[in-house]
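Peer 1: Listed below, chain by chain, are the residues.
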Amino acid sequence: MIGLEHYLFIGALLFVCGVVCMATKRNAIGVLIGVELVLNGANINLVAFSRFNPAFEIEGMIMALFVIVMAAGEAAVALAIVLSFYNNHQTIDVDQAEELKG
Amino acid sequence: MNMTVFLFWVIAGMTGACAIATVVTHNIVRAATWLLFTLGGASALFFLIGADLVGAIQLLVYVGGTLVLVVFGVMLTAQGPFISMRTSSAEWGVSAATGIALLAVLLLATFPHVPLGPPAQEGAKAPEPVVAFAPKPVEIEPRTSPFTMIIGQGFTGVGVGPAHRDPNARPKLAEAPKVPASGQFAPDVEPAPMPAPEAPVMRTHYLLPFEIVSIHLLVVLIGAAYLALTKRRREEVV
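If you read the protein sequences in the order shown, they are chains A and B. So the first sequence is numbered by our numbering: it starts at 3 and just counts up by one. So the second sequence is numbered by our numbering: it starts at 811 and just counts up by one.
Hints listed in this document are in silico derivations from the structure and should not be mistaken for laboratory results. Bear in mind the structure is a predicted one, so any value in this text is a computation, not a measurement. Beta carbons are placed, not taken as given, at the ideal position from N, Cα and C, and that holds for glycine. Among the hints, erroneous ones may be present.
Footprint (simulated), chain A over chain B, 3 or more residues, beta carbon under 8 Å [unchecked claim]:
no.	segment
1	834–847
2	855–863
3	913–919
4	1021–1030
Non-contacting residues of chain B with respect to chain A, defined by C-beta distances greater than 10 Å in every case (computed) [unchecked claim]:
no.	residue
5	V880
6	M895
7	T966
8	G967
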């Protein structure tokens, strides 16, 4: 019997993988991949809630669809920033991006 | 063992393993490939839970659009030393410890029958487990999802979702004094009060958020194109 907890567990696993990915990757695109993992974990949670809570039946899926659209826009902007950073600095290491360091 | 349970564990194990492989690999091209399998596994989970539309859109937009963007970014920047960038083991240790602690916290919140808080005193009544809402045990069976049409209607302005009646919106028609057509009151004949008409059923629709998110996506894409172009112009000047 698969319950809500099982789906929440998978969502939590994806979320934590995304956070660790954001923290450890030095490649800027690796950080972006971590963000995508986090958003997917949140999406799995939303869809699971919409399936198991009858008062949330439609809303959870609609919120998941909005999250997918937002993730598409966010990936486009982040890649544009990464590409312009790469064009200016000839590197993609986020540790080299220290112009704003105080 | 039920087929659905078997499928869930196979797909969930594959998704989780691919997510972990995304994190631990050093090669950015391999990380993008593992991300592809993770997103595909998440979409298979959506199909399994009965959310057909979300699973299909996940495949179309996420795997077909966003991931292709990421792969293009990898191709444009993966040169020489940037393909495989190693992280120091100290950073790995700190990150892994943080991740495991975060996962433990999330699992404690997920399974609410694990007792939290200070241990109960001897003889004190055991506290009732606090459950925010008790989900109905729904047997997850493969079925045809009715939600695609409902969500489509919600996006085009038709009310969807659970119905509720606003008690304040009840029309006050019943309180008007009943005047007979002849203009004279008949005191001994009490006019039967009209039953108050029910307040209209209210449902939410999602036309406005849908339009907002469409315009938002358009603006974001134009802005992204502009951001990616300006630096090339500056390079020509320099």
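Peer 1: Quick one: which hint numbers does this structure break? Sort them smallest to largest.
Peer 2: Numbers 5, 6, in rising order.
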